[in-house]
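Q: Okay, here's what each chain looks like letter by letter:
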Amino acid sequence: MTAGQPRVVVERRRVAVRGLVQGVGFRPFVYTLATELGLAGSVTNTGQGVLAEVEGRPEAVAAFCRRVAGDAPPLAQVASVEHEPLAPTGASGFAIAPSRTDGPQLTLIPPDTATCADCLAELADPADRRYRHPFISCTNCGPRHTIVTGLPYDRANTTMAEFPMCPDCAREYRDPADRRFHAQPVACHACGPGLALVMPGLPMLDGEEALTEARRLLRAGAILAVKGLGGYHLACDARNGGAVARLRRRKRRGAKPFALMARDLGELAGLVRPGPAEVELLTGPARPIVLLRRCAGPSSGRPGSSSTPSDAAPEGVAPGSPDLGVMLPYTPLHHLLLAPPGPGLLVMTSANLSGEPIVTDDRDAFARLAPLVDAWLTHDRPIHVPCEDSVVRVVDGEQLPVRRSRGYAPLPLPLPVPVRPVLAVGGDLKNTFALAQDGYAWLSGHIGDMDDLATLDAFDRAVAHLGAVTGVRPELLAVDRHPGYRSVRHARAGAGRREVRTVQHHHAHIASVMAEHGLDGGHPVIGVAFDGTGYGDDGAVWGGEVLLADYDGYSRLAHLAYVPLPGGDAAVVRPYRTALAHLRAAGLPWAAELPPVKACPEDELRVLERQLERSLNCVPTSSMGRLFDAVSSLAGVCQRAEYEAQAAIELEAAALAHGPAEGYAFGLRPVDGALVADPAPVFAGALADLAAGAPTGLVAARFHGAVADLVRTVCRTARERHGTGTVALSGGVFANALLSSACSRGLTADGFTVLRHRRVPPNDGGLALGQLMVAARAAAGSAAT
Amino acid sequence: MGHGGGGAMSAELVENVFAPAFGGRVLAQLGDSAVLELGGARLAFSTDSYVVRPLFFPGGSIGDLAVNGTVNDLAMSGARAAYLSCGFILEEGVETAVVDRVARALGAAARVAGVEVATGDTKVVEAGHGDGIYLNTAGIGLVPAGVDIRPQRAVPGDVVIVSGEIGLHGVAIMSVREGLEFGVEIQSDCAALGGLVEAMLAVTPDLHVLRDPTRGGLAAALNEIASAAGVGVTVSERAIPVPPQVANACAILGLDPMYVANEGKLVAFVPREHADAVLAAMWAHPLGARAAVIGECVTAHPGMVVARTPFGGTRVVDLPLGEQLPRIC
Ligand SMILES: [Fe+3]
Ligand SMILES: [Mg+2]
Ligand SMILES: [Zn+2]
Ligand SMILES: [Zn+2]
Numbered sequence: 011m012t013a014g015q016p017r018v019v020v021e022r023r024r025v026a027v028r029g030l031v032q033g034v035g036f037r038p039f040v041y042t043l044a045t046e047l048g049l050a051g052s053v054t055n056t057g058q059g060v061l062a063e064v065e066g067r068p069e070a071v072a073a074f075c076r077r078v079a080g081d082a083p084p085l086a087q088v089a090s091v092e093h094e095p096l097a098p099t100g101a102s103g104f105a106i107a108p109s110r111t112d113g114p115q116l117t118l119i120p121p122d123t124a125t126c127a128d129c130l131a132e133l134a135d136p137a138d139r140r141y142r143h144p145f146i147s148c149t150n151c152g153p154r155h156t157i158v159t160g161l162p163y164d165r166a167n168t169t170m171a172e173f174p175m176c177p178d179c180a181r182e183y184r185d186p187a188d189r190r191f192h193a194q195p196v197a198c199h200a201c202g203p204g205l206a207l208v209m210p211g212l213p214m215l216d217g218e219e220a221l222t223e224a225r226r227l228l229r230a231g232a233i234l235a236v237k238g239l240g241g242y243h244l245a246c247d248a249r250n251g252g253a254v255a256r257l258r259r260r261k262r263r264g265a266k267p268f269a270l271m272a273r274d275l276g277e278l279a280g281l282v283r284p285g286p287a288e289v290e291l292l293t294g295p296a297r298p299i300v301l302l303r304r305c306a307g308p309s310s311g312r313p314g315s316s317s318t319p320s321d322a323a324p325e326g327v328a329p330g331s332p333d334l335g336v337m338l339p340y341t342p343l344h345h346l347l348l349a350p351p352g353p354g355l356l357v358m359t360s361a362n363l364s365g366e367p368i369v370t371d372d373r374d375a376f377a378r379l380a381p382l383v384d385a386w387l388t389h390d391r392p393i394h395v396p397c398e399d400s401v402v403r404v405v406d407g408e409q410l411p412v413r414r415s416r417g418y419a420p421l422p423l424p425l426p427v428p429v430r431p432v433l434a435v436g437g438d439l440k441n442t443f444a445l446a447q448d449g450y451a452w453l454s455g456h457i458g459d460m461d462d463l464a465t466l467d468a469f470d471r472a473v474a475h476l477g478a479v480t481g482v483r484p485e486l487l488a489v490d491r492h493p494g495y496r497s498v499r500h501a502r503a504g505a506g507r508r509e510v511r512t513v514q515h516h517h518a519h520i521a522s523v524m525a526e527h528g529l530d531g532g533h534p535v536i537g538v539a540f541d542g543t544g545y546g547d548d549g550a551v552w553g554g555e556v557l558l559a560d561y562d563g564y565s566r567l568a569h570l571a572y573v574p575l576p577g578g579d580a581a582v583v584r585p586y587r588t589a590l591a592h593l594r595a596a597g598l599p600w601a602a603e604l605p606p607v608k609a610c611p612e613d614e615l616r617v618l619e620r621q622l623e624r625s626l627n628c629v630p631t632s633s634m635g636r637l638f639d640a641v642s643s644l645a646g647v648c649q650r651a652e653y654e655a656q657a658a659i660e661l662e663a664a665a666l667a668h669g670p671a672e673g674y675a676f677g678l679r680p681v682d683g684a685l686v687a688d689p690a691p692v693f694a695g696a697l698a699d700l701a702a703g704a705p706t707g708l709v710a711a712r713f714h715g716a717v718a719d720l721v722r723t724v725c726r727t728a729r730e731r732h733g734t735g736t737v738a739l740s741g742g743v744f745a746n747a748l749l750s751s752a753c754s755r756g757l758t759a760d761g762f763t764v765l766r767h768r769r770v771p772p773n774d775g776g777l778a779l780g781q782l783m784v785a786a787r788a789a790a791g792s793a794a795t
Numbered sequence: 107m108g109h110g111g112g113g114a115m116s117a118e119l120v121e122n123v124f125a126p127a128f129g130g131r132v133l134a135q136l137g138d139s140a141v142l143e144l145g146g147a148r149l150a151f152s153t154d155s156y157v158v159r160p161l162f163f164p165g166g167s168i169g170d171l172a173v174n175g176t177v178n179d180l181a182m183s184g185a186r187a188a189y190l191s192c193g194f195i196l197e198e199g200v201e202t203a204v205v206d207r208v209a210r211a212l213g214a215a216a217r218v219a220g221v222e223v224a225t226g227d228t229k230v231v232e233a234g235h236g237d238g239i240y241l242n243t244a245g246i247g248l249v250p251a252g253v254d255i256r257p258q259r260a261v262p263g264d265v266v267i268v269s270g271e272i273g274l275h276g277v278a279i280m281s282v283r284e285g286l287e288f289g290v291e292i293q294s295d296c297a298a299l300g301g302l303v304e305a306m307l308a309v310t311p312d313l314h315v316l317r318d319p320t321r322g323g324l325a326a327a328l329n330e331i332a333s334a335a336g337v338g339v340t341v342s343e344r345a346i347p348v349p350p351q352v353a354n355a356c357a358i359l360g361l362d363p364m365y366v367a368n369e370g371k372l373v374a375f376v377p378r379e380h381a382d383a384v385l386a387a388m389w390a391h392p393l394g395a396r397a398a399v400i401g402e403c404v405t406a407h408p409g410m411v412v413a414r415t416p417f418g419g420t421r422v423v424d425l426p427l428g429e430q431l432p433r434i435c
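From first to last, the protein sequence lines are chains A and B. Just so we're aligned, residue 11 is where the first sequence starts under our numbering, counting upward by one. Just so we're aligned, residue 107 is where the second sequence starts under our numbering, counting upward by one.
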């Protein structure tokens, strides 16, 4: 690379890099790499990715081809690098050429990304011109997805368009050697957005004053609305029991756990003990909420009755839960807010009412959050796309998404087989939809519950926006088969002349795991789909299903025996009803001393008996989620569910606290070619243990063991009959880490290949991916109708 | 419940089977009664069949229902019922004393409603082919000049009024039929609404829509109006009068009171300028003493009914299906 060195051979290559390589500082990276290697040539953005031509010594060209993927910037995701030789032109110097927008578009918008270490260093450096700037960002970090208003991804098409760059920022933006080269959200104190603290009846504060007062208010126990990346949060000091209780009351939150934001890992000492994989997630660029087992959980899994945990966070943050949902700051504003003197641990919960979309609009925030908060810490950079915090947990060292949203959306998922342009509308609660075409699917962030008109509107806006940034024009709609789903009615109403295909709920769950593991569908899998409720082809409510499935179709290998679900969703919120239904189905008496009998008010008990007898508003169900509810109630763990899956989560906590135990045994009998698993012996076993004075935890542990044994037995039988050695686990029940681990361990010991979710949630948040795989594969033949 | 449930399935039968088979301009209105021009008079004409079990229940009987149901269907066009026909379909072996009790209840109800039973018919079917007694009634009445009440006339700005507490009939029937004891006896609200409608029309002939929320309850009635008129309907959950015993029974059984049948209630879509006066007139009538404004007709979300929850949410209220299936996954 020294000038004057004799040039013996010179080579020129065209290098095409595909994947997530735009809006992530890829061209400056190429520029720097080429210059460092002494190469001449150019680099440009095209609709397909980044295209470079490099010329120089062969070993330098080879090093470039290797390092262009290996050393890519942190936010880039290189899908492929292709290169071909060209005739050398004798060119010198390296240039960044203007974008070429010819040809088909496959532009990928990056997700929003946590503030990087370089920016944090500047944020803390009094000599830096962005010292304490709440909106500091660079090509390696900052808002992306939530500020994009259109394509191409340029400042003019973001909500930063209304903040013209100052000369200093403009210089950095234009300098290929700068970390802020073409960083669309670049800003500084001189030209960027500003903070404001709004307090009812008091003058508005801005800048440092706003920040200082906000922190003072938090320390004093106030509840603040804080504008973040994808929406507003409600924040209060997590160590202030009164403030937490007030927030819970104002938000009508029931017992549902609040997410926490901690200043740093040190702040979590005594609360949780994250392992290496968890630390990586906590500190990584996506910054999801990570569900972590608490150090000292509630002793019995019962809210209210637990001993005071050794952690300093009040029990009210997550009553009865074995986990704490924790995240670290991901915007500069968060870092400034949580810095010493604190508070160093905040409750940070989405600012919305249950099931409604998160509040993003400032006027909405002032109007709708007024009854909830004491003040608003806000700013003037608009949020264009709502995006909730993601939630993940680590199971057996692997990431298990619980909610895939900020930091992940709208990253596309590669598909194992090409699909027609399709909109898969997902499920009704925790709705997430997907657009897909050819080899990619774009999953939306978490939208909300489709009961709500505001959610339906948010759904339409999100579909339009994702369509605009991906260019997918769906010619086909994939929906669930449930006749009462609002998502289905909504899709049909808006379908126009486009075809609408229905996909059975649990088939979609299994197809979603298959797709994320890259299965092309050539061989069927044994699909274990355990969830709360899904509409079955026989009109019953399914949810404890073992299917022999590929993308084309499925047959039902095994399922839980049907029991009546008295009052449908009423049983879901009052697990004692399901427990009583199960006891009755098992022929076991409603003895007065049993927890579900004690929990059921006398008049309700009388009516319930008749209701079950007369099968009045009693849908038959094979739901595994409801079986968890029933056992949770029977064991005296949870009688009323104030949030989704509360009874199951608390049962898992009780089992964990107890440790493994020999499982109860389900009855298994063949009916019409399928194995029917009868939980009656499980209930009989649990009753015997309870009568003998066994602790709650033992019943919980033996039940978990029973379900894992059942899965193992059924899968072995399936392999004998069908020769299938791959098992896919899906459905919301597999958010239960204890069960997921136990099933996986047993199946692996039996020689099965076990597929679990790593990229999309096992719950209905992953449903859309499965729907589109079943309904829209380009190849003919489909199980969808 | 199935095709008789008054939900999406019955609507489907009318739309896809009966309307095409019969043709005709009048049936295409799909209202509860038809308004016909005959010899210079405007007549409302309606028929309904009654297959309720049990025949007698707290607050009424199949005889009361057969009169009030048809009288109310006419009243929902603004017509005061004048004459009824009455067909009895008896199952072989039904006791004469039972037939007598039903007939006397029917006669008494007719007198209260101010309608005359002008013609009738009796058939007997084999034992096992009926539930004791089925009744069919048809009725005619005059529609006053200047009155044009149809679901299609709902317009944004209309105020939505319900004449009283909802859910009583459905819960009363269910509790006796299924032997459910809720602690307090729940009485059907079965009543003839002709007089109440007359009192409302005395305020203004310009009532836009009247509907008796029978099968499928308030939810079905509001959805039918919203889709017939192509308007949105917004109601406030808190404003809907649900008696505590109904709320309790529904909570226990897992039902939504908005979907439970009524037999002596109406919903009215009234121009805003007349709403206060109409409401006052309703309060002055015994059958409207608990009348309440529950919502309004809007331009947003056409064809949809939306309930504002006490927590500030906005829940979509769908047309009921045959059965309410759980959706929580
Ligand atoms: Fe599901
Ligand atoms: Mg009728
Ligand atoms: Zn940065
Ligand atoms: Zn600047």
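Rather than coming from a laboratory, the hints here were simulated on the basis of the structure. Don't be surprised by glycine CBs; every beta carbon is placed ideally from N, CA and C. Worth double-checking, as some hints may not be accurate.
[What the hints assert, rightly or not] Label-pair restraints from in silico Cβ distances:
no.	chain 1	residue 1	chain 2	residue 2	range
1	A	ARG620	B	ARG344	46 to 52 Å
2	B	ALA383	A	ARG508	45 to 51 Å
3	A	GLY211	B	ARG378	33 to 39 Å
4	A	ARG259	B	GLY213	18 to 24 Å
5	B	GLY418	A	ARG77	51 to 57 Å
6	B	ARG344	A	ASP128	33 to 39 Å
[As the list claims (entries may be wrong)] Covered by chain B, according to a simulated footprint, are these stretches of chain A (three or more residues, beta-carbon under 8 Å):
no.	region
7	461 to 471
8	606 to 618
9	686 to 695
Q: For which of the previously enumerated hints does the structure constitute a violation, in increasing order of number?
A: Of the numbered hints given earlier, those the structure breaks are 1, 4, 6 and 9, listed in rising order.
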